[in-house]
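Peer 1: Chains X and C are the protein sequences, given in the same order. In this text, residue positions in the first sequence follow the numbering used here: the first is 17, and each later residue adds one. In this text, residue positions in the second sequence follow the numbering used here: the first is 634, and each later residue adds one.
These are computed hints drawn from the structure, not numbers from a lab. Mixed in with the good hints there might be a few duds.
[To be verified] List time: in silico EDC-like cross-link candidates among lysine to aspartate or glutamate, alpha-carbon distance up to 20 angstroms: (1) C:K885 - X:E102; (2) X:K234 - X:D318; (3) X:K91 - C:E734; (4) X:K243 - X:D265; (5) X:K143 - C:D652; (6) C:K640 - X:D265; (7) X:K38 - X:E232; (8) C:K640 - X:D127; (9) X:K136 - X:E168; (10) X:K244 - X:E198; (11) C:K879 - X:E232; (12) X:K243 - X:D318; (13) X:K124 - C:E734; (14) C:K885 - X:D88; (15) X:K125 - X:D84; (16) C:K717 - X:E214; (17) C:K885 - X:D265; (18) X:K125 - C:E734; (19) X:K126 - C:E734; (20) C:K879 - X:D88; (21) C:K717 - X:D109; (22) C:K717 - X:D318; (23) X:K144 - C:D652.
Each chain is listed here by its residues.
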Amino acid sequence: MQAIVSINDLSKTYQSGFQALKKINLDIAKGEILALLGPNGAGKTTLISIICGIVSPSSGTVTANGHDNVIDYRKTRELIGLVPQELTLGAFDTVWNTIQFSRGLFGKKKDKTYLEQLLKDLSLFDKKNHELRTLSGGMKRRVLIAKALSHEPEILFLDEPTAGVDVELRKDMWNIVRRLRESGVTIILTTHYIEEAEEIADRIGVISNGELILVEDKQTLMHNLGKKQLIVELKEAVSSLPQSLATYDLTLSDDGNKLTYTYDTMSDSTGITALLQNIHNAGLALKDLQIKQSSLEDIFVDLVKEGG
Amino acid sequence: MNLQAIKVIFQYEMLRTWDTLFQSIVSPVISTSLYFIVFGSAIGSRIQSIDGVSYGLFIVPGLTMLSLLTQSISNASFGIFFPKFTGSIYEIHSAPISFFEILVGYVGAAATKSLIIGFIILLTASFFVDLNIAHPLWMLTFLILTCISFSLFGFIIGLWANDFEKLQVIPLLVITPLVFLGGSFYSVNMLPPFWQTVTLFNPVVYLISGFRWSFFEVSDVSVGISLAMILVFLTICIVIVGWMFKTGYRIKQ
Ligand SMILES: Nc1ncnc2c1ncn2[C@@H]1O[C@H](COP(=O)(O)OP(=O)(O)O)[C@@H](O)[C@H]1O
Ligand SMILES: [Mg+2]
Chain X
17 MQAIVSINDL
27 SKTYQSGFQA
37 LKKINLDIAK
47 GEILALLGPN
57 GAGKTTLISI
67 ICGIVSPSSG
77 TVTANGHDNV
87 IDYRKTRELI
97 GLVPQELTLG
107 AFDTVWNTIQ
117 FSRGLFGKKK
127 DKTYLEQLLK
137 DLSLFDKKNH
147 ELRTLSGGMK
157 RRVLIAKALS
167 HEPEILFLDE
177 PTAGVDVELR
187 KDMWNIVRRL
197 RESGVTIILT
207 THYIEEAEEI
217 ADRIGVISNG
227 ELILVEDKQT
237 LMHNLGKKQL
247 IVELKEAVSS
257 LPQSLATYDL
267 TLSDDGNKLT
277 YTYDTMSDST
287 GITALLQNIH
297 NAGLALKDLQ
307 IKQSSLEDIF
317 VDLVKEGG
Chain C
634 MNLQAIKVIF
644 QYEMLRTWDT
654 LFQSIVSPVI
664 STSLYFIVFG
674 SAIGSRIQSI
684 DGVSYGLFIV
694 PGLTMLSLLT
704 QSISNASFGI
714 FFPKFTGSIY
724 EIHSAPISFF
734 EILVGYVGAA
744 ATKSLIIGFI
754 ILLTASFFVD
764 LNIAHPLWML
774 TFLILTCISF
784 SLFGFIIGLW
794 ANDFEKLQVI
804 PLLVITPLVF
814 LGGSFYSVNM
824 LPPFWQTVTL
834 FNPVVYLISG
844 FRWSFFEVSD
854 VSVGISLAMI
864 LVFLTICIVI
874 VGWMFKTGYR
884 IKQ
């Protein structure tokens, strides 16, 4: 893996004495979409803020493209765009002025064509000359994205991009994210909505209480930790489980209509064939079969419970 | 050097002036005119000339300084305070820009704006009195040094303040009294000896005195001391800003 961002033993203790990050180690691959999952207060924003240079680390290092983000901050910051969690925008400047300002801050020459296209992509073009304070929350979020992209960054951080965002913007946002990824931009987003990570990420990191408790390929994660359930609907209800099925991890629904069998997708044999055979032998007739796979959400809840 | 960044900060701040044109430029003009009508013409005509300078003329440098100091401080402090207040400062922190460049952008814009206001006030004054400047270069030197020093001072206040009250308390409670008691409207020599001594602890006295000298060649303290004092003040501000930057005081978590 070619790491574009490399985080080594990163810790942060705030002035209040609170330790928000504990020895984080993480490599972010060039071109990937990494989702950082974690409950509120886990330390996601702190981690992003340190990488972007907004918060100073207490110990440890961050490099981007091989440059240390404290010593060589100009080189690293040029690469990075950030969409912050809060709607932190000025009030009296116009959309156009604020994105021009952002681009200039990052040392880039004016580029009217690029910025106009950016506004069009974000459905902001007709708001070009509006003052920021007159915009709705969703529009402000779009402006923040435009600002982050104004200097054509190679790495984009999105801190809880969909918190309190309407469906349309969410859809637009994912389209933009996908398009950026296709053009080679590395994207790191934080969220506490699991579906989001599931929908868009290549890899998923889970942060809890300032610790990175897991980073894994999304597929592997779901595969490794995923449990499947086979639900067997019976033609006729039974009052109790037949003796011959007692060795299986089976539960019977209250109405006696359904058997639920939980199994691990990782194990060599799932035991399904034998189970079905045994059900047949016990004289039960099948009406239907159903398979349920646990979502990331279930996995996540399990992990955080263990971690915390 | 990220010159592009300095340029956009500067432009952004200057643009803010146009957006608040009335407050930024028209209001100092109006207040100066009022001072001239009241002190220069109405009352001034009954006050005898000071050190051979008519009263209306005598108050020009002090009035200019009064506006210059308040404007420099309020512009520079607001310029950096407001992004802190809205949270949009995150962008400046995450940009490839050094603290020095931030400083040049904000303080440069505030000082430029004050300088423009200074000229406008002098221009306004010239409609009321017959203004002759004895040492234009010295006048310009004092003007520029004052604008830079007090913009820097305002920048420090803006960084330090974490609410609107703190932002306004120093200009209101410290600067205005110092300027009024700093010989804007009178010569220090007119005070009783005890108060003359007290006055010498007021740094603004030196500013106004030196500035006034560049107009009329009359001063309360020698020009050299005036110049030295303003350079000392400038140095103190630079040291404080440098320290704030080094320690991240009120700048970074
Ligand atoms: N400036 C600060 N001073 C002290 N504690 C802070 C500060 N900022 C954040 N924290 C604390 O650090 C923890 C992590 O916060 P944060 O990184 O914002 O979490 P997340 O983004 O995962 O919700 C929280 O408990 C929060 O209260
Ligand atoms: Mg957060």
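Peer 1: For each hint, tell me whether it holds in the structure or not.
Peer 2: To see whether the hints hold, each was checked on the structure:
For the hint pairing C:K885 with X:E102, the CA-to-CA distance comes to about 17 angstroms; that is within 20 angstroms, so the pair holds. Straight-line distance between C-alpha atoms of X:K234 and X:D318 comes to about 16 angstroms, which keeps the hinted pair within the 20 angstroms bound. Distance check on the hinted pair: X:K91 and C:E734 sit about 16 angstroms apart at the alpha-carbon level, within 20 angstroms; holds. Restraint check: the Cα-Cα separation between X:K243 and X:D265 comes to about 13 angstroms, which is no more than 20 angstroms; the hinted pair holds.
Pair hint X:K143 plus C:D652 holds up; C-alpha atoms about 18 angstroms apart against a cutoff of 20 angstroms. In summary, the hint linking C:K640 to X:D265 is not supported, as the alpha carbons are separated by about 70 angstroms, beyond the 20 angstroms threshold. For the suggested pair X:K38 and X:E232, the alpha carbons sit about 19 angstroms apart, so the restraint of at most 20 angstroms is met. Simply put, C:K640 and X:D127 have alpha-carbon atoms about 15 angstroms apart, close enough for the 20 angstroms limit, and the pair holds.
A hinted pair counts as satisfied when its Cα atoms are at most 20 angstroms apart, and X:K136 with X:E168 qualifies at roughly 15 angstroms. For a cut-off of 20 angstroms, the pair hint linking X:K244 to X:E198 is broken: about 33 angstroms separates their Cα positions. Annotation: proposed proximity of C:K879 to X:E232 is violated, straight-line Cα distance about 39 angstroms (limit 20 angstroms). For the suggested pair X:K243 and X:D318, the alpha carbons sit about 12 angstroms apart, so the restraint of at most 20 angstroms is met.
Distance restraint check for X:K124 and C:E734: the Cα-Cα separation of roughly 15 angstroms lies within the 20 angstroms cut-off, and the hinted pair is therefore satisfied. For a cut-off of 20 angstroms, the pair hint linking C:K885 to X:D88 stands: about 18 angstroms separates their Cα positions. Proposed proximity of X:K125 and X:D84 is contradicted: the alpha carbons are some 25 angstroms apart, above 20 angstroms. Restraint check for C:K717 and X:E214: the C-alpha separation of about 35 angstroms exceeds 20 angstroms, so the hint is violated.
Annotation: proposed proximity of C:K885 to X:D265 is violated, straight-line Cα distance about 55 angstroms (limit 20 angstroms). With a C-alpha separation of about 17 angstroms, the suggested pair X:K125 and C:E734 falls inside the 20 angstroms cut-off, and the hint holds. With a C-alpha separation of about 19 angstroms, the suggested pairing of X:K126 with C:E734 holds against the 20 angstroms cut-off. A distance of roughly 17 angstroms separates the Cα atoms of C:K879 and X:D88; the hinted pair therefore holds under the 20 angstroms criterion.
Taking the CA atoms of C:K717 and X:D109, the gap is about 15 angstroms. The hint holds against a cut of 20 angstroms. Between C:K717 and X:D318 the CA atoms are separated by roughly 39 angstroms; this puts the pair beyond 20 angstroms, and the hint is violated. Between X:K144 and C:D652 the alpha-carbon distance is near 17 angstroms, which keeps this suggested pair within the 20 angstroms criterion.
The earlier numbered hints that this structure contradicts are 6, 10, 11, 15, 16, 17 and 22.
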